[in-house]
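These protein sequences, in sequence, are chains E and S.
Numbering of the first sequence is given in our numbering, commencing with residue 26 and proceeding in unit increments.
Numbering of the second sequence is given in our numbering, commencing with residue 2 and proceeding in unit increments.
No lab work stands behind these hints: they were computed from the structure.
Hints should not be assumed to be uniformly reliable.
Derived Cβ-Cβ restraints for the label pairs, each shown as a range [said to hold, decoys possible]:
(1) E:E34 / S:R216: 39 to 45 Å
(2) S:T299 / E:V33: 44 to 50 Å
(3) S:G294 / E:P135: 52 to 58 Å
Glycine included, every Cβ here is placed at the ideal spot set by N, Cα and C.
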Amino acid sequence: MNFEEFTVELLPGLLRFTVVLTGDRGTAEDLAQEVLIRAHARWSKIGKLDRPDRYVRKMLLNEFLSWRRRSWRLIPSGLGSDIDHRAAPDHAVGYAERDALAAELARLPPRQRAVLALRYYEDLSDAEIADSLGCSPGTVRGYASRALAALRIEMTAQPCQEPAFSKEI
Amino acid sequence: MRTEDDLRSAYRALERHAPDADMVLRAVYDRPERAFRPLRAPRWRIRRVNLALVAVAAAITAVALVLVTAEGPTGRGGPVSPASLRARLLAAISVAGGDVLYAGRSPDAGGMWIWPGCPHPGQQVRVRVLGLGANGIPGKDAEYIFTMPDRHGAAGGSGNPIDWGLMTVTGTLIVVDHLRRTWGEWERQNITLGLPVNAAGIRSEIAHGQLRVIRHATLRGRRAIELAITLRHSEPANPLRVTTAELWVDATTYLPMRQLLRFSDGKQSLTNYAFLSPTPAHLAKLRPDIPAGYKRTTLLPDQGKRK
């Protein structure tokens with residue numbers, strides 16, 4: 026697959042994942058630019074892979090997790106502020122709840138955010154997430170558990186659970 | 002208690018804000034031979050590297066950092082690439098998007114305070130507009146509180162590429178009329194706002210324009226980079242349009258400090274910017290002062306004169 030085909034077929038999906046990962050359009054744009062500049066330079070190798078999108082997604086994850094510029098200021102403001110609210114009430118309760126959840130997601134540590142995005146947006150199994158992040162499935166479950174607890178999300182089931190190792194006694 | 006479906010729903014809402022592919026690819030295709038790499042936290046692989054090599058690398062990095070700090074953003078032996086500069090500027094504005102943005106000639110001369118500086122659709126926005134007379138006495142002092150609409154009009158009739166255009170919003174309007182010594186508060190629909198600048202507009206201008214470093218300068222006691230932005234989307238049919246824009250950005254934070262717009266009729270407009278962290282003191286600037294003795298009125302002010 027050449028780079029142009031990649032940008033037409035696969036890039037839009039990766040950009041959607043990037044904004045889900047970062048929670049912010051501007052940051053997603055910067056992250057994607059940084060990664061694509063490097064991917065483009067190495068496309069002769071990346072383009073030969075079976076799934077270049079997975080490779081680029083991994084690049085995006087690595088870049089996201091390694092960015093030093095993290096700040097509480099990335100948290101969308103205007104939510105939960107302590108100022109007085111004299112505006113007309115917002116009747117879009119559902120929208121506000123999603124907004125609040127997005128703001129809380131932005132406060133999570135980057136690895137926890139990455140795990141949730143891969144599990145609940147990309148629908149990857151814990152093993153696949155572990156492979157993407159370079160850690161063990163148990164660590165992935167730990168990140169997910171802490172993140173869900175912080176977001177006050179009740180787990181209805183164990184998604185993408187790998188079969189437990191059986192041990193003969 | 003939330004459910005996992007709530008999380009999926011939040012992600013589906015977020016994905017609608019995905020960056021535009023063309024915008025992202027422009028940075029790729031415009032990149033110079035040597036692509037910019039930002040400072041980044043050390044990766045875990047670095048730990049495997051021989052300690053001696055780490056020490057040498059650290060020493061080299063330290064020297065390089067000192068040189069970069071001393072010489073500024075273009076002090077790497079050549080001019081910084083437009084793509085790199087654009088990425089840094091966009092990143093800086095994104096990070097400061099939740100700040101209170103001041104825009105005007107100077108706070109002493111009135112102006113506009115907007116919070117958050119880069120509002121997203123659905124966010125509550127507070128805007129204060131303070132107009133001072135030539136004698137320094139306030140004329141009208143108004144605050145608008147509204148929810149940022151999903152869509153708003155295109156660039157305003159002024160031809161200014163960075164304004165919000167005319168927006169019709171519903172929200173609260175607080176006006177202090179210093180001439181009549183009255184004040185009032187109204188819940189109104191169809192408030193038409195013509196706000197001259199906003200950070201998202203600047204961001205868009207940077208993303209769509211062509212950047213060129215003119216020189217380094219000192220502005221308000223800080224080192225700044227003066228940039229020329231040649232706009233690609235000028236409309237020849239518009240009799241009053243912006244032909245060029247100059248932007249001064251802080252050489253350390255890369256946040257905009259000043260913009261000079263030149264119009265097709267030869268006039269120009271100067272605006273200073275300040276990104277203020279949303280502390281209680283700075284948030285207080287969003288609220289008009291109502292002096293003691295002013296009477297509350299229910300008479301709706303003339304919206305046409307307020308801007």
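Is it true that the C-beta distance of G294 of chain S to P135 of chain E lies inside 52 to 58 Å, as the hint says? holds (54 Å)
Falls inside 39 to 45 Å, the C-beta gap from E34 of chain E to R216 of chain S? holds (44 Å)
So does T299 of chain S sit 44 to 50 Å from V33 of chain E, Cβ to Cβ? Violated - the Cβ-Cβ distance for T299 of chain S and V33 of chain E, about 58 Å, lies outside 44 to 50 Å.
Checked against the numbered hints above, the structure breaks only hint 2 and satisfies the rest.
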